[in-house]
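J.: In terms of our numbering, the sequence shown has 176 at position 146, counting the first letter as 1, and numbering is strictly consecutive.
To be clear, the hints were calculated from the coordinates, so they are not data collected in a lab. By construction, the Cβ of each residue, glycine as well, lies at the ideal position given by its N, Cα and C atoms. One thing to keep in mind: the hints can contain errors.
Unchecked claim - The following label-pair restraints were derived from C-beta to C-beta distances:
1. Asp252 with Ser451: 37 to 43 Å
2. Gly438 with Arg459: 34 to 40 Å
3. Gln111 with Val385: 42 to 48 Å
4. Glu218 with Ser359: 39 to 45 Å
5. Asp456 with Arg322: 48 to 54 Å
6. Asp252 with Lys346: 55 to 61 Å
7. Glu218 with Asn112: 39 to 45 Å
8. Ser345 with Leu384: 17 to 23 Å
9. Thr128 with Ile413: 50 to 56 Å
10. Gly108 with Glu187: 31 to 37 Å
11. Gly438 with Ile393: 25 to 31 Å
12. Lys92 with Tyr404: 51 to 57 Å
13. Arg459 with Glu352: 46 to 52 Å
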Amino acid sequence: MIFDKEQRELAKKIEEDISISKWKNWKWHIKHSIKDIETFEKLTSINFTDDERSKLEKTTEKFPLSITPYYLSLINPGNYQNDPIFKQAFPDPRELITCKYDMSDPLAEDSDSPVELITHRYPDRVLFHISNVCSMYCRHCTRKRKVGDVDYIPDREKIKTGIEYISKNTGIRDVLLSGGDPLMLSDENLDHILGELKSISHVEIIRIGSRMPIVLPYRITDELVETLRKYHPIWFNTHFNHPREITSSSRNALEKLADAGFPLGNQSVLLADVNDCPRIMKQLVQLLVKNRVRPYYLYQCDMSEGLEHFRTPVSKGIEIMETLRGHTSGFAIPTFVVDAPGGGGKIPINPNYLVSWSVNKVILRNYEGVITSYREPDNYNNICCDLKCAECDLDLNIDPAQEIVPIGLEKLLSDHDETISLIPEDCYRLNRREEDNEE
Numbered sequence: 031m032i033f034d035k036e037q038r039e040l041a042k043k044i045e046e047d048i049s050i051s052k053w054k055n056w057k058w059h060i061k062h063s064i065k066d067i068e069t070f071e072k073l074t075s076i077n078f079t080d081d082e083r084s085k086l087e088k089t090t091e092k093f094p095l096s097i098t099p100y101y102l103s104l105i106n107p108g109n110y111q112n113d114p115i116f117k118q119a120f121p122d123p124r125e126l127i128t129c130k131y132d133m134s135d136p137l138a139e140d141s142d143s144p145v146e147l148i149t150h151r152y153p154d155r156v157l158f159h160i161s162n163v164c165s166m167y168c169r170h171c172t173r174k175r176k177v178g179d180v181d182y183i184p185d186r187e188k189i190k191t192g193i194e195y196i197s198k199n200t201g202i203r204d205v206l207l208s209g210g211d212p213l214m215l216s217d218e219n220l221d222h223i224l225g226e227l228k229s230i231s232h233v234e235i236i237r238i239g240s241r242m243p244i245v246l247p248y249r250i251t252d253e254l255v256e257t258l259r260k261y262h263p264i265w266f267n268t269h270f271n272h273p274r275e276i277t278s279s280s281r282n283a284l285e286k287l288a289d290a291g292f293p294l295g296n297q298s299v300l301l302a303d304v305n306d307c308p309r310i311m312k313q314l315v316q317l318l319v320k321n322r323v324r325p326y327y328l329y330q331c332d333m334s335e336g337l338e339h340f341r342t343p344v345s346k347g348i349e350i351m352e353t354l355r356g357h358t359s360g361f362a363i364p365t366f367v368v369d370a371p372g373g374g375g376k377i378p379i380n381p382n383y384l385v386s387w388s389v390n391k392v393i394l395r396n397y398e399g400v401i402t403s404y405r406e407p408d409n410y411n412n413i414c415c416d417l418k419c420a421e422c423d424l425d426l427n428i429d430p431a432q433e434i435v436p437i438g439l440e441k442l443l444s445d446h447d448e449t450i451s452l453i454p455e456d457c458y459r460l461n462r463r464e465e466d467n468e469e
């Protein structure tokens with residue numbers, strides 16, 4: 031599908047003297063991105079009624095439209111209402127429906143932002159928003175509040191502030207470049223940012239999250255790959271949601287990245303009427319591993335404004351996980367997660383394979399429904415960890431050692447912390463007890 035008949039006909043509607051070299055130039059696609067309903071109708075021969083067009087235009091006033099010619103070429107005009115490419119790329123008036131529990135920033139990224147462009151939620155890693163524009167605006171984007179808004183495009187000074195924050199916080203070992211799409215930046219800008227991060231001694235890993243291999247695979251040029259290769263280890267996360275997105279062009283982009291030594295992972299979002307089908311998800315993960323991409327996460331759709339029509343019950347995700355475990359390779363199975371509203375982070379959710387347990391046995395079931403028992407060891411001598419590492423029998427020749435500060439349930443499990451209960455601040459029983467004592 032590097033430049034098939036349908037793509038050539040579409041491209042000629044945009045530019046009469048189109049050539050394969052122009053079609054494979056990613057900047058040409060950015061320049062000719064479809065940003066209004068009229069152009070979409072002209073290029074696809076899909077015609078909306080006046081009422082439909084009016085509703086669509088109101089939708090794009092709030093949530094902008096942008097589709098690359100490449101991704102547009104994947105839409106099936108003859109059945110666009112059911113097309114998974116169309117649904118992810120084209121506006122839907124239901125996006126203007128805001129439910130009472132919808133949030134503009136459901137993951138509290140802004141609340142966990144110590145400086146502009148940085149989200150610091152986990153102790154050892156940060157999210158660095160180096161771009162707020164994308165080659166295509168996915169309709170299910172959790173950052174719809176920002177993406178496409180010119181007021182949020184970061185300049186060099188803001189980027190510098192983010193780099194300085196990372197440099198000053200020595201506990202940060204992992205930086206995820208995100209956006210928008212970080213590959214919307216030029217190779218020169220990426221080179222500058224990566225060079226600055228690489229010069230920070232405590233930064234061990236850099237990750238890039240991009241949807242370019244899916245919506246504009248021609249962005250993965252030999253020049254870009256050579257720029258990125260200078261800063262290994264870089265981990266590269268893609269965002270394929272449907273098997274139809276894995277084309278010969280996207281496979282070529284993935285091949286370039288994999289051959290250059292970048293570990294590839296994929297993060298899918300579970301979307302109603304797009305991929306909420308066990309057969310679709312099984313085919314997707316198997317095609318991914320065939321192209322050297324490890325399925326990493328399957329996300330429950332976030333509670334962002336205008337995404338109600340995309341959201342499925344969590345039970346649908348569990349159902350899909352049931353159909354993957356045991357039916358395909360273990361490394362082809364993503365972790366199904368809910369990114370907790372309010373900034374609680376990613377919470378893995380899986381079918382329950384632990385049926386019951388006693389002092390010396392655990393009862394388990396497998397994907398076939400077989401129930402089995404696993405005998406616990408009779409003579410396990412647990413090492414009580416009191417954090418006196420110098421006196422421990424384990425080989426702790428690890429440098430540098432990290433200070434252990436338990437939080438959450440880890441506090442209750444640890445031997446060296448005396449916490450016996452985690453109690454909510456607004457516990458009615460304890461508040462009443464305090465009030466009784468005051469009387």
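J.: If a hint holds in the structure, say so; if it doesn't, say that too.
T.: Hints, verified against the model:
Between Asp252 and Ser451 the C-beta distance comes to about 58 Å, which lies outside the given range of 37 to 43 Å. With their beta carbons about 21 Å apart, Gly438 and Arg459 fall outside the hinted range of 34 to 40 Å. Checking the proposed 42 to 48 Å range against Gln111 and Val385 shows it holds: the Cβ atoms sit about 44 Å from each other. With their beta carbons about 40 Å apart, Glu218 and Ser359 fall inside the hinted range of 39 to 45 Å.
In this structure the supplied range 48 to 54 Å holds for Asp456 paired with Arg322, their Cβ-Cβ distance being about 49 Å. Range check, Asp252 to Lys346: about 41 Å between beta-carbon atoms, so the 55 to 61 Å window is missed. Checking the proposed 39 to 45 Å range against Glu218 and Asn112 shows it holds: the Cβ atoms sit about 42 Å from each other. Separation of Ser345 from Leu384 is about 19 Å and conforms to the stated range, judged on CB atoms against 17 to 23 Å.
For Thr128 and Ile413, the hinted distance range of 50 to 56 Å is satisfied, since their beta carbons lie about 53 Å from each other. At about 49 Å, the beta-carbon gap between Gly108 and Glu187 misses the expected band of 31 to 37 Å. In this structure the hint that Gly438 and Ile393 lie 25 to 31 Å apart at CB holds, the actual value being about 27 Å. For Lys92 and Tyr404, the hinted distance range of 51 to 57 Å is satisfied, since their beta carbons lie about 54 Å from each other.
About 38 Å separates the C-beta atoms of Arg459 and Glu352, a value inconsistent with the hinted range of 46 to 52 Å.
Taken one by one, the earlier hints fail for this structure at numbers 1, 2, 6, 10 and 13, listed in ascending order.
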